[in-house]
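**Student:** Could you build the full structure based on these sequences and the hints that come with them?
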Amino acid sequence: MLYNKFLKMHIKTSMQYRFNTLFIGITQVLVNIGEVLGVWILFSQFTSVKGYGFYECLLMMGIVFTVFSFAECFARGYDEFHMLIKSGEFDRMLIRPVNIHYQILGSKIELTKLARMALGIALVIIALVNLNIDWSFLKILVLISSFICGITTITGLFIISATISIFTIEQFEFVNIFTNGAKETAYYPINIYAKWMTKIFTYVIPVACFNYLPLSYLLEIGNVPMWLCAISPLIGIVFIVPCIIIFNLCLKKYKSTGT
Amino acid sequence: MASIIDFTDICKTFKVPLRTKGKFSMFKNFFIRKYKTIEALKNITFKVNEGDIVGYIGPNGAGKSTTIKIMSGILTPTSGNCVINGYVPWKNRREFVKNIGVVFGQRSQLWWDVPIMDSFELLRDIYKIPKDEFDKTLKLLNDALNLETLLNRPLRQLSLGQKMKCELAGSLLHHPKILFLDEPTIGLDAITKLAVRDFIKFINKKWKTTIILTTHDMNDIEALTNKIILIGKGQILYQGSFEKIKENYASSKTITVEFAKDYDNIALDGYEITNHEKRFATLKNLPSKQFHPKEFINEISKNYEIIDFQVTSLSVDEILAKLYKQYEIIER
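Chains as they are written, first to last, in this note's numbering: chain A, 1 to 259; chain B, 1001 to 1332.
Hints listed in this document are in silico derivations from the structure and should not be mistaken for laboratory results.
Please note that the accuracy of each hint is not assured.
Listed next, the in silico BS3-like pairs over lysine-lysine satisfying Cα-Cα at most 27 Å (straight line) [what the hints assert, rightly or not]: (1) B:K1034 with A:K253; (2) A:K255 with B:K1042; (3) B:K1136 with A:K8; (4) B:K1253 with B:K1302; (5) B:K1193 with B:K1177; (6) B:K1177 with B:K1091; (7) B:K1201 with B:K1047; (8) B:K1036 with A:K86; (9) B:K1246 with B:K1227; (10) B:K1139 with A:K12; (11) A:K86 with B:K1091; (12) A:K86 with A:K12; (13) B:K1042 with A:K253; (14) A:K50 with A:K199; (15) A:K5 with B:K1131; (16) B:K1139 with B:K1193; (17) B:K1177 with B:K1128; (18) B:K1098 with A:K252; (19) B:K1036 with B:K1233; (20) B:K1091 with B:K1042; (21) B:K1098 with A:K5; (22) B:K1042 with B:K1322; (23) A:K255 with A:K86; (24) B:K1193 with B:K1205; (25) A:K253 with B:K1015; (26) A:K255 with B:K1233; (27) B:K1227 with B:K1201; (28) A:K5 with B:K1139; (29) B:K1036 with A:K255; (30) A:K252 with B:K1034; (31) B:K1253 with B:K1322; (32) A:K5 with B:K1128; (33) B:K1098 with A:K253; (34) B:K1131 with B:K1205; (35) A:K252 with B:K1015; (36) B:K1131 with B:K1098.
**Tutor:** What follows is the structure in structure tokens.
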């Protein structure tokens, strides 16, 4: 398959700079461990935040780390789309007989992010072991779909940022407020924030749909109806569809850059 | 002969944000933007026959790259029709691009850090080239360009000339019918330049590939093309053979004369003195004056004693510079 070839090229590239790749991976993990420590220190002072304890928050962080690093690893092409335009690489893609999204996904695969993803998965496992969850088939399904929802939501945000750079050529920092902001927001249960923020991160950018809401269902806490919590990841999965449609429409207005 | 590229009345306008000056202008510009429309291409019409090598020339910013980008399906024109190889480039993109190859002289299509051969294999998969056909093409390109020793080295280790050879090979692996070359000889040394030119001719003969090439090197034009299209300020100013242009300018000569002694003032009917320093002078015949060596010697010897003189015709670069000036397409 063509994607495997792309992947192979990226592995070969990072093997050229083995030490660098390793070093970036390790530093990123260290930064994230620092964030975990921050939460841990917080919980040594307060035992719970709105019914959420340390392990509940650890589970949320684990999911956020995992889905973010997954998207940053495999959907990096959208995130750094302005670079593709500036370097002329995007013009190249337009003269290849392959679907443009397929090429964008294949153009940048950042393998250093896998280290962070491993940390995220480790955190999720640690949290799940320490939490008393009354498992059922539906709960497993909700947990898995919340991961998928997270990946599609973040990728959707990247696509929106890419769509804007079709016109501006520059990266639009404004979108970072939503991507990185969403990340930091999602470490804690969404209902600790102001009402308007909760609403934005549920309905506009469905961040709550891949951690707070499905976890409420898993842990059977919170005051949102359980059935709503259970189906919430679907919203995030649907979120990416309009993002792709808008991107495709805007692509027709593409202007390219100089020689 | 059937035309493979058919461009009719292509126009392309860009909207460029207008910056205003004054207090808080940066702020204002951020919120309220005024746009100015720039006509990059105005009613471009031309035809290219199958197997032709066409030189697309013009000063920087004339619209060459825009045309190439429209022809390769990257940009959509504002108006006009364009049929290339039976396709409209910006519709049905994926079918269309299977039969074209593009080399942007200053941008690479190969991977920086991996051996060239890996990039070629990726291209094989992208274009779905059958294995035996790929091997055959690669062998042909290999023999013509001497790539053997380069293929297992990463792009970053190659010289500019070696890179260009690999770029050319990379854009031809899928055996395209049309090849677009955007400044293929830019920055190359003399030997590589000749090698690249020979290769372009070779491919054109061997595969009957139609080649469109933009360049600032007039020797490329002389050596390769059988038709040129001159573009300036987004309009076509001339299309036809380069020989014809040369003929038009063939009569203007530059004569460098060495005198036996210093003259204070030199004047000769029908000639313009462009430079005079002690015993040396440079003369140019006026458009009305036909240059004849014998007549020239007779006339100049009447008043001056000369030791030596040298006659040169306009170089192709000078011809082009004159042409640009004549059409006033150089921005001043």
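**Student:** Run every hint past the structure and note whether it holds.
**Tutor:** Hints and how they fare:
no.	hint	verdict
1	B:K1034 with A:K253	holds, 18 Å
2	A:K255 with B:K1042	holds, 17 Å
3	B:K1136 with A:K8	holds, 25 Å
4	B:K1253 with B:K1302	holds, 21 Å
5	B:K1193 with B:K1177	holds, 23 Å
6	B:K1177 with B:K1091	holds, 18 Å
7	B:K1201 with B:K1047	holds, 20 Å
8	B:K1036 with A:K86	holds, 22 Å
9	B:K1246 with B:K1227	holds, 13 Å
10	B:K1139 with A:K12	holds, 25 Å
11	A:K86 with B:K1091	holds, 24 Å
12	A:K86 with A:K12	holds, 24 Å
13	B:K1042 with A:K253	holds, 19 Å
14	A:K50 with A:K199	holds, 18 Å
15	A:K5 with B:K1131	holds, 16 Å
16	B:K1139 with B:K1193	holds, 22 Å
17	B:K1177 with B:K1128	holds, 16 Å
18	B:K1098 with A:K252	holds, 20 Å
19	B:K1036 with B:K1233	holds, 16 Å
20	B:K1091 with B:K1042	holds, 21 Å
21	B:K1098 with A:K5	holds, 19 Å
22	B:K1042 with B:K1322	holds, 23 Å
23	A:K255 with A:K86	holds, 11 Å
24	B:K1193 with B:K1205	holds, 19 Å
25	A:K253 with B:K1015	holds, 11 Å
26	A:K255 with B:K1233	holds, 19 Å
27	B:K1227 with B:K1201	holds, 14 Å
28	A:K5 with B:K1139	holds, 22 Å
29	B:K1036 with A:K255	holds, 15 Å
30	A:K252 with B:K1034	holds, 22 Å
31	B:K1253 with B:K1322	holds, 13 Å
32	A:K5 with B:K1128	holds, 13 Å
33	B:K1098 with A:K253	holds, 23 Å
34	B:K1131 with B:K1205	holds, 24 Å
35	A:K252 with B:K1015	holds, 15 Å
36	B:K1131 with B:K1098	holds, 17 Å
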